[in-house]
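Colleague: Now for the letters of each chain:
Protein chains: 2
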Amino acid sequence: MKKFIVFVSIAMLAGAISCAQQALWGGGDITSPVIGTDNSAAFSIFAPEAQKIEVTGDFLPPQKMQTPMGEMDVPGSAALVKDDKGVWTYTTESLAPELYSYTFVIDGVKVCDPNNPYMIRDVASVTNIFIIGGGRADLYKVNDVPHGTVARRWYQSDLLQKDRRITIYTPAGYEAGNESYPVFYLLHGAGGDENAWSELGRATQILDNLIAQGKAKPMLVVMTNGNAGQQAAPGESPRGMYKPSFMGDTRMDGAFEEHFPEVVKFIESNYRVKADKSHRAIAGLSMGGFHSLHISKEYPDMFDYVGLYSAAIMPREGVQSKIYDNLDEKLKIQFDKKPKLYWIAIGNTDFLFKANTDFRKKLDEKGYKYQYYETGEGHIWKNWRIYLSEFAPMLFK
Amino acid sequence: MKKFIVFVSIAMLAGAISCAQQALWGGGDITSPVIGTDNSAAFSIFAPEAQKIEVTGDFLPPQKMQTPMGEMDVPGSAALVKDDKGVWTYTTESLAPELYSYTFVIDGVKVCDPNNPYMIRDVASVTNIFIIGGGRADLYKVNDVPHGTVARRWYQSDLLQKDRRITIYTPAGYEAGNESYPVFYLLHGAGGDENAWSELGRATQILDNLIAQGKAKPMLVVMTNGNAGQQAAPGESPRGMYKPSFMGDTRMDGAFEEHFPEVVKFIESNYRVKADKSHRAIAGLSMGGFHSLHISKEYPDMFDYVGLYSAAIMPREGVQSKIYDNLDEKLKIQFDKKPKLYWIAIGNTDFLFKANTDFRKKLDEKGYKYQYYETGEGHIWKNWRIYLSEFAPMLFK
Numbered sequence: 001m002k003k004f005i006v007f008v009s010i011a012m013l014a015g016a017i018s019c020a021q022q023a024l025w026g027g028g029d030i031t032s033p034v035i036g037t038d039n040s041a042a043f044s045i046f047a048p049e050a051q052k053i054e055v056t057g058d059f060l061p062p063q064k065m066q067t068p069m070g071e072m073d074v075p076g077s078a079a080l081v082k083d084d085k086g087v088w089t090y091t092t093e094s095l096a097p098e099l100y101s102y103t104f105v106i107d108g109v110k111v112c113d114p115n116n117p118y119m120i121r122d123v124a125s126v127t128n129i130f131i132i133g134g135g136r137a138d139l140y141k142v143n144d145v146p147h148g149t150v151a152r153r154w155y156q157s158d159l160l161q162k163d164r165r166i167t168i169y170t171p172a173g174y175e176a177g178n179e180s181y182p183v184f185y186l187l188h189g190a191g192g193d194e195n196a197w198s199e200l201g202r203a204t205q206i207l208d209n210l211i212a213q214g215k216a217k218p219m220l221v222v223m224t225n226g227n228a229g230q231q232a233a234p235g236e237s238p239r240g241m242y243k244p245s246f247m248g249d250t251r252m253d254g255a256f257e258e259h260f261p262e263v264v265k266f267i268e269s270n271y272r273v274k275a276d277k278s279h280r281a282i283a284g285l286s287m288g289g290f291h292s293l294h295i296s297k298e299y300p301d302m303f304d305y306v307g308l309y310s311a312a313i314m315p316r317e318g319v320q321s322k323i324y325d326n327l328d329e330k331l332k333i334q335f336d337k338k339p340k341l342y343w344i345a346i347g348n349t350d351f352l353f354k355a356n357t358d359f360r361k362k363l364d365e366k367g368y369k370y371q372y373y374e375t376g377e378g379h380i381w382k383n384w385r386i387y388l389s390e391f392a393p394m395l396f397k
Numbered sequence: 001m002k003k004f005i006v007f008v009s010i011a012m013l014a015g016a017i018s019c020a021q022q023a024l025w026g027g028g029d030i031t032s033p034v035i036g037t038d039n040s041a042a043f044s045i046f047a048p049e050a051q052k053i054e055v056t057g058d059f060l061p062p063q064k065m066q067t068p069m070g071e072m073d074v075p076g077s078a079a080l081v082k083d084d085k086g087v088w089t090y091t092t093e094s095l096a097p098e099l100y101s102y103t104f105v106i107d108g109v110k111v112c113d114p115n116n117p118y119m120i121r122d123v124a125s126v127t128n129i130f131i132i133g134g135g136r137a138d139l140y141k142v143n144d145v146p147h148g149t150v151a152r153r154w155y156q157s158d159l160l161q162k163d164r165r166i167t168i169y170t171p172a173g174y175e176a177g178n179e180s181y182p183v184f185y186l187l188h189g190a191g192g193d194e195n196a197w198s199e200l201g202r203a204t205q206i207l208d209n210l211i212a213q214g215k216a217k218p219m220l221v222v223m224t225n226g227n228a229g230q231q232a233a234p235g236e237s238p239r240g241m242y243k244p245s246f247m248g249d250t251r252m253d254g255a256f257e258e259h260f261p262e263v264v265k266f267i268e269s270n271y272r273v274k275a276d277k278s279h280r281a282i283a284g285l286s287m288g289g290f291h292s293l294h295i296s297k298e299y300p301d302m303f304d305y306v307g308l309y310s311a312a313i314m315p316r317e318g319v320q321s322k323i324y325d326n327l328d329e330k331l332k333i334q335f336d337k338k339p340k341l342y343w344i345a346i347g348n349t350d351f352l353f354k355a356n357t358d359f360r361k362k363l364d365e366k367g368y369k370y371q372y373y374e375t376g377e378g379h380i381w382k383n384w385r386i387y388l389s390e391f392a393p394m395l396f397k
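Sequence order for the protein chains is A and B.
Each residue of the first sequence is one higher than the last, beginning at 1 in this note's numbering.
Each residue of the second sequence is one higher than the last, beginning at 1 in this note's numbering.
Some clues are possibly wrong.
[Said to hold, decoys possible] Here are the simulated distance ranges between beta carbons:
hint, chain 1, residue 1, chain 2, residue 2, range
1, B, G134, A, G70, 47 to 55 Å
2, A, Y242, B, P61, 25 to 33 Å
3, A, G229, B, R360, 48 to 56 Å
4, A, S40, B, V319, 21 to 29 Å
5, A, Q161, B, V34, 42 to 50 Å
6, B, E377, A, G229, 16 to 24 Å
7, A, S40, B, G134, 14 to 22 Å
8, A, E377, B, G240, 23 to 31 Å
9, A, D144, B, K215, 37 to 45 Å
[Stated by the list, open to error] Going by beta-carbon spacing under 8 Å, a handful of chain B positions derived as facing chain A:
hint, residue
10, K110
11, C112
12, Y118
13, I120
14, A137
15, K141
16, V150
17, G235
18, V263
19, I267
20, E268
21, N270
22, K277
Don't read these hints as lab results, they were simulated from the structure.
Beta carbons are placed, not taken as given, at the ideal position from N, Cα and C, and that holds for glycine.
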C-alpha cells in the first residue's frame with residue numbers, strides 16, 4: 001500500500017487549513033461571548049491597532065432616540081477595555097434568560113463580532129446573537145427533543161403571477177405517520193420575509209419544544225412571504241443579492257390578502273392536514289398582524305384562531321382595495337361566527353399601542369369576544385417570540 | 001370608523017423603524033459592493049474615525065503564506081481610500097464570472113462589510129459574498145427556473161446512537177408527480193456540516209439550473225453531516241451556539257462510513273426514489289471525497305457513480321477501523337463490478353495533489369477505469385462548485 005500512496009495525514013490537513021483560514025479570515029482562538037456561570041456575557045476581540053471599541057446590544061440599559069414617531073428606546077452601549085496584549089474585553093452583569101442581539105462598534109463602525117459566527121439578518125442589518133438559557137428562553141434553544149422538518153418550497157400564485165418561496169414546518173413524526181394535522185399560518189412584518197419567523201423568531205425551536213413538552217398540539221406551521229411584490233427573501237429570488245430595504249416590496253395594497261386562499265389551497269392539497277376552520281390558525285407580527293386581521297375577516301369561515309402581535313390596524317393612506325372596504329360589516333360577520341380565539345398582544349411602549357387600544361375599544365363596544373395579552377417594551381422580536389410561545393399552546397384545543 | 005380607530009400610517013411606521021434601525025445597527029444608505037457594467041466591484045464604507053481600511057478577498061492577486069504543508073496561496077488585500085466625508089472606497093478591475101468572498105480589515109480587525117447582508121459561514125469564519133454573473137457563474141445564481149425544495153430533517157442513527165440533521169433537495173416537480181428519482185449523496189469536508197453544500201457550495205442553485213437547462217437529470221441530492229461525533233451543524237443541535245473548530249467532531253474513525261447504509265435506508269424508505277446501484281451516486285470534497293472513496297468500496301454494490309473532489313485518500317495515522325482494512329482487495333472488488341463513473345477532480349496547486357496523483361497511478365497500474373478532471377488553484381470552494389457543476393450532468397445517463 002505505502003508503495004503506491006503517499007500518506008497524507010489528515011491532522012496535517014487540519015493544520016494547514018486552519019492556519020490558512022486564520023491568516024485569511026482572522027478569528028484565532030478567541031471565543032466571544034463567553035457565558036459565565038452567573039449568566040454574564042464576556043465579549044473579547046483582538047485589535048491592537050484599534051482606538052476605541054464598544055458593544056451595543058439589547059442587554060444594555062436602553063438609550064432614548066428621537067424618531068418621526070417620537071422618542072424611542074434603542075439598545076445602549078458599553079466600552080470594551082484594552083489590555084497590554086491588544087485584547088479588548090467587556091463583561092456584562094448577570095443577564096436574565098433571553099435571546100440577545102449585539103454588534104461591536106470599532107473606531108465608529110458598527111460591525112459584527114468576528115469571533116461569534118452566530119448572526120441573524122433583519123432587513124439589511126446583520127447582528128450577532130447569543131442565548132442565556134433558563135425560563136422561557138429554553139424554548140428558543142435546540143433541545144434534545146424530537147425535531148420537526150423545515151422545508152423551503154415554492155408555490156405558484158396565479159393572482160400574484162409569480163412562483164413564491166414558502167417555509168413549511170412539519171412536526172416530528174409527520175413523515176412516518178398517517179395522522180392529519182392542524183395548520184398554523186404565521187406571518188412576518190414589513191422588512192421580513194419567509195425566513196423571518198424561523199430565523200429571528202426561533203419558531204422551529206419554540207414549536208419543537210412546546211410540542212415535546214405536550215404544551216402545544218402537533219401542527220404544521222406555514223410561514224409565507226407577505227410582500228406581494230416579492231418572490232422570495234432577498235438573495236433567494238432571481239433579483240439576486242440586492243440590498244434589502246424596509247418597505248421595498250411590501251405593497252400592503254390588499255394583494256397579499258386577496259391571494260391568501262391560494263396558500264391555503266396549496267397546503268391543503270400538498271400536506272396531510274385537517275382542512276376546516278377549527279383546524280386553521282393565523283397570526284402575525286406588525287404588518288403580519290395587519291394581514292391576519294384583514295385575511296381572517298375577509299374569509300370568515302377560514303380561521304377559528306386569530307393572533308394579532310403588535311399589529312398595524314388600518315391600511316396605508318390612499319390605498320384602494322376591496323379587502324379594506326366595509327371593515328365594520330366584515331368584523332361583524334366574523335365575530336357573529338364566534339371564532340374560538342381572537343388574541344391581541346402588544347407591548348406597552350409600542351408605538352402601535354394606542355391604535356391597538358382603540359381597536360380593542362371598538363371590539364368591546366360591539367361586544368366582540370377576544371383575549372388580550374400585554375407585555376412591557378415595544379416593537380421588538382423579544383416580544384414576538386414571547387407572543388408565539390404564549391399563543392401556540394392555545395391552538396386547536 | 002375613524003371615530004374608533006386612530007389612523008396609524010404604515011409609512012410612519014416605516015420611518016420610525018428604519019430610523020431606529022439605522023441608529024441601532026448602522027448601515028444607512030450605502031450599498032457595497034456595487035457591481036459595475038464592466039463587472040468591477042466597488043466597495044464602500046462610512047468610517048470617518050477609522051485610520052486604515054483594507055479589503056481582502058479571493059478576487060485580488062494572491063499572497064504567499066507559510067503553513068505546515070509548505071507555501072500556500074491566500075487571498076490578497078487592497079487599501080480603501082477615504083474621501084473628505086469619511087467614506088472609504090475601493091473598486092476592483094473587471095472580474096471574471098465567479099462567486100467571490102471577502103472581508104474588510106478595519107484598523108487591523110477582520111470584519112464583515114456592514115453594508116452587505118450576504119454572508120456565509122465556513123467553520124468559525126464568516127465572510128461576505130457576491131456573484132459576478134456570466135458563464136458558469138450563472139449556475140450559482142437563483143434564476144427564473146422551476147425550483148426544488150430544500151428540507152432540513154432529522155433521522156435516527158442506531159449505530160451512531162443519535163438523531164442527526166440532514167439536508168435533502170428534491171427537484172422541482174417531485175411533490176406533484178409520481179415518478180421515482182435517482183439519488184445523489186453529496187458529502188462535505190472537515191469543518192463542514194449538513195449546511196455546507198447548500199450554502200457555500202450553491203448546490204441548490206446549481207441543481208435547479210442544470211436540471212432546468214436539461215443538462216442534469218432530475219434527482220434528489222442528499223447532504224449529510226459527515227462528522228460522526230456531531231448531531232447537526234453548529235448552533236443546530238443541543239450543544240448550542242459554541243464556536244466551531246476545524247476538526248471538532250469529525251472523528252474520521254470509520255464510524256461515518258459504517259453508519260452510511262442507515263442514511264441510504266432512511267432516504268429509500270422515506271422518498272419516491274429508485275433504489276438500485278445504477279440510480280445512486282456519491283461524491284464529496286476533501287474529507288467528503290475520502291468518505292466517498294471508502295464508502296463506495298466498502299459497499300461495492302451500492303453506487304455506480306463516485307466522485308472524489310480534492311479528496312483525502314488515506315485514514316489518519318493510528319486509526320483502527322475495519323473500514324480501512326484491505327483497501328486493495330476492496331478496490332479490486334469495486335472495480336471488477338465496473339462502476340459507470342469513477343471521477344477524480346483536483347486543482348493543480350492543491351496540497352493533496354500528489355496524494356491524488358499517486359492514487360491515480362495505483363488505479364492505472366491495476367487497469368481500473370476512472371475519469372480525471374484537473375483545474376488550476378487548490379483546496380477551495382471555487383473548485384468544488386466547478387466540480388459539482390461538471391459531475392452532476394454525467395449522472396444517471
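Colleague: Does each hint fit the structure? Answer for all of them.
Modeller: Okay, the hints, checked on the actual structure:
As the Cβ distance of G134 of chain B to G70 of chain A is approximately 49 Å, the hint placing it in 47 to 55 Å holds. Distance hint check for Y242 of chain A and P61 of chain B: the Cβ-Cβ separation is about 29 Å, which falls inside the suggested range of 25 to 33 Å. The hinted range of 48 to 56 Å is satisfied by G229 of chain A and R360 of chain B, whose Cβ atoms lie roughly 53 Å apart. Against the hinted window of 21 to 29 Å, the Cβ-Cβ separation of S40 of chain A and V319 of chain B comes to about 41 Å, which falls outside the hint.
Checked against the given bound of 42 to 50 Å, the beta carbons of Q161 of chain A and V34 of chain B, roughly 30 Å apart, lie outside it. Between E377 of chain B and G229 of chain A the Cβ separation comes to about 40 Å, which falls outside the hinted range of 16 to 24 Å. With their beta carbons about 51 Å apart, S40 of chain A and G134 of chain B fall outside the hinted range of 14 to 22 Å. Between E377 of chain A and G240 of chain B the C-beta distance comes to about 25 Å, which sits within the given range of 23 to 31 Å.
Between D144 of chain A and K215 of chain B, the C-beta spacing of about 43 Å keeps the proposed range 37 to 45 Å intact. Using the Cβ-Cβ criterion of 8 Å, the hint placing K110 of chain B at the interface with chain A is satisfied: the shortest such distance is roughly 3 Å. Given the 8 Å rule on beta carbons, the hint for C112 of chain B holds: about 5 Å separates it from the nearest Cβ of chain A. For Y118 of chain B, the shortest C-beta to C-beta distance to chain A is roughly 5 Å, which falls under 8 Å, so the interface hint holds.
Of the supplied interface hints, the one on I120 of chain B is violated, with its beta-carbon coming no nearer than about 10 Å to a beta-carbon of chain A, more than 8 Å. For A137 of chain B, the interface hint is violated, since its Cβ never comes within 8 Å of a Cβ in chain A; the closest pair sits about 12 Å apart. Taking 8 Å as the C-beta contact cut-off toward chain A, the hint placing K141 of chain B at the interface holds, the least distance being around 6 Å. At a threshold of 8 Å, the smallest CB-CB gap from V150 of chain B to chain A is about 5 Å, leaving the interface hint in force.
Taken as an interface hint, G235 of chain B checks out: its beta carbon lies about 6 Å from the nearest beta carbon of chain A, inside 8 Å. At about 15 Å, the closest approach between the beta carbon of V263 of chain B and any beta carbon in chain A exceeds 8 Å, and the interface hint on this residue is violated. For I267 of chain B, the interface hint is violated, the least distance from its beta-carbon to any beta-carbon of chain A being 12 Å, above 8 Å. At its closest, the beta carbon of E268 of chain B sits 13 Å from a beta carbon of chain A; the interface hint therefore is violated under the 8 Å criterion.
Taking 8 Å as the C-beta contact cut-off toward chain A, the hint placing N270 of chain B at the interface holds, the least distance being around 6 Å. For the restraint placing K277 of chain B at the interface with chain A, the shortest Cβ-Cβ distance is roughly 25 Å, beyond the 8 Å limit, so the hint is violated.
Hints 4, 5, 6, 7, 13, 14, 18, 19, 20, 22 from the list above are not met by this structure, while the remaining hints are.
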